[in-house]
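*Asks:* Residues per chain, in single letters:
Protein chains: 2
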Amino acid sequence: MVRQARAEATRQQILIGAAKAFEQKGFEGSTLGTIVEIAGTTKGALYFHFKSKEELAQAIIGEQHVISIASVDAIAATGGSALEQMVMLSYEFGHQMVHDPIVRAGIRLTLELSAVAGPAEPYLGWISAYERLSERASAEGDLLDTIEPKTLARFGIGAFTGVQLVSNVLTGREDLQQRLDEMWLLLLPGIMPSDRHLKIPAIRRARWSAAAS
Amino acid sequence: MVRQARAEATRQQILIGAAKAFEQKGFEGSTLGTIVEIAGTTKGALYFHFKSKEELAQAIIGEQHVISIASVDAIAATGGSALEQMVMLSYEFGHQMVHDPIVRAGIRLTLELSAVAGPAEPYLGWISAYERLSERASAEGDLLDTIEPKTLARFGIGAFTGVQLVSNVLTGREDLQQRLDEMWLLLLPGIMPSDRHLKIPAIRRARWSAAAS
Numbered sequence: 001m002v003r004q005a006r007a008e009a010t011r012q013q014i015l016i017g018a019a020k021a022f023e024q025k026g027f028e029g030s031t032l033g034t035i036v037e038i039a040g041t042t043k044g045a046l047y048f049h050f051k052s053k054e055e056l057a058q059a060i061i062g063e064q065h066v067i068s069i070a071s072v073d074a075i076a077a078t079g080g081s082a083l084e085q086m087v088m089l090s091y092e093f094g095h096q097m098v099h100d101p102i103v104r105a106g107i108r109l110t111l112e113l114s115a116v117a118g119p120a121e122p123y124l125g126w127i128s129a130y131e132r133l134s135e136r137a138s139a140e141g142d143l144l145d146t147i148e149p150k151t152l153a154r155f156g157i158g159a160f161t162g163v164q165l166v167s168n169v170l171t172g173r174e175d176l177q178q179r180l181d182e183m184w185l186l187l188l189p190g191i192m193p194s195d196r197h198l199k200i201p202a203i204r205r206a207r208w209s210a211a212a213s
Numbered sequence: 001m002v003r004q005a006r007a008e009a010t011r012q013q014i015l016i017g018a019a020k021a022f023e024q025k026g027f028e029g030s031t032l033g034t035i036v037e038i039a040g041t042t043k044g045a046l047y048f049h050f051k052s053k054e055e056l057a058q059a060i061i062g063e064q065h066v067i068s069i070a071s072v073d074a075i076a077a078t079g080g081s082a083l084e085q086m087v088m089l090s091y092e093f094g095h096q097m098v099h100d101p102i103v104r105a106g107i108r109l110t111l112e113l114s115a116v117a118g119p120a121e122p123y124l125g126w127i128s129a130y131e132r133l134s135e136r137a138s139a140e141g142d143l144l145d146t147i148e149p150k151t152l153a154r155f156g157i158g159a160f161t162g163v164q165l166v167s168n169v170l171t172g173r174e175d176l177q178q179r180l181d182e183m184w185l186l187l188l189p190g191i192m193p194s195d196r197h198l199k200i201p202a203i204r205r206a207r208w209s210a211a212a213s
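Chains as they are written, first to last, in full-length UniProt numbering: chain A, 1 to 213; chain B, 1 to 213.
So here's chain A without its partners, still in its complex pose (with noise of 0.2 Å):
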């Protein structure tokens, strides 16, 4: 057990090791020896983990997925409404860009495949998280009938997307959370019925934060 839980933290150390080093070199840039260097471990303890600098990267975008979910599922518990969790989920996982290493490891990793093909998956994933969230809004009578739920999580992550990544090339995402509100101002008035526009204000509030938890 012992050995387990050791061989465990081995392995959180070189993810993020790894992490910090995708992050500042990217993937061509960083070699096994930068990660190991960063990490503090060795080659062979490296070795026993990870086949390879293929297999490092993809544990770390599956590592970010599954703090993705973990943000979802929290959120989801909060009781908030739909339009309010599409909010919070936006805060939140702006908030995980800035500051965990495998979340900002992870979007350069998705970010540099994403100029050429790129995986589908974590777009995909949290298209479908964003949509059952909008099948929910439209059921709790806050989405106008002639939006259809897919239409708005698929415009949803794009423009999260890009919002994030413009920001992130303008100020190192020091004004993301200003340009998320501008998101949110500009497109709660399209999708809602007026009789709910009242509530815009209270959604755009909407936050959810792990630490709080």
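Because the hints were derived from the structure by calculation, they are not lab data.
One or more of the hints may lead you astray.
[Said to hold, decoys possible] The calculated lysine-lysine pairs, modelled on DSS-like cross-linking and capped at a C-alpha distance of 25 Å, are: (1) K25(A) - K53(B); (2) K25(B) - K53(A); (3) K43(B) - K25(B); (4) K25(A) - K43(A); (5) K25(B) - K25(A).
Knowing the structure of chain A, use the given hints to seat chain B on it.
*Replies:* Coordinates of chain B only, in the frame set by chain A:
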């Protein structure tokens, strides 16, 4: 004069060869050897025009900027309303991304660099083009008083960037036209005064094409 024209033709040939290489293999993955091979020229000819791979990448991003500015000007000359021009620009840029190798390479280079700090210029240029149009839309009474032109410009470019990125990852940009239509479908009702909503279908249909002009 003949020599100058021939030099210019070689320069274009090299740029297009480099664009094809960068588009397929990215900046890191492209060597000067591959570029020369695709361009059907020699390293001597390449070095006559460009000092390095970096300079080639910068030249492609620069050409893409020239192509962008030309569309902004041509679309301004149509005399369409500012919102119509914003719609036209998004489709024209989407069209270029699918059909113009220089634009495709420029986008890949910009995205690869955007995964890190990245070059701010292309985004700032597009945001300021959209900001001028948003100000005109406001003067034309097509924009709600509560919406700052700068906010709409920044979100419009962020959303477009993400929509094309996700479309590229999921369908190789085959569904880009449909995804752009959904973007305007969701966005226009929330930014226009309700007494202008009847104009929305016409604005969504606004198109401009270099081929047709």
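*Asks:* Tell me if the straight-line CA distance from K25(B) to K53(A) falls inside 25 Å.
*Replies:* holds (19 Å)
*Asks:* Does the structure keep K25(A) and K53(B) at a Cα separation of 25 Å or less?
*Replies:* holds (19 Å)
*Asks:* Between K25(B) and K25(A), is the straight-line Cα distance small enough, at 25 Å or below?
*Replies:* holds (18 Å)
*Asks:* K25(A) and K43(A): Cα distance at most 25 Å?
*Replies:* It holds: about 19 Å lies between the C-alpha atoms, which stays within 25 Å.
*Asks:* Mind checking the alpha carbons of K43(B) and K25(B) for me, to see if they're no more than 25 Å apart?
*Replies:* Holds - the C-alpha atoms of K25(B) and K43(B) are around 19 Å apart, at most 25 Å.
Of the numbered hints listed earlier, not one is contradicted by the structure.
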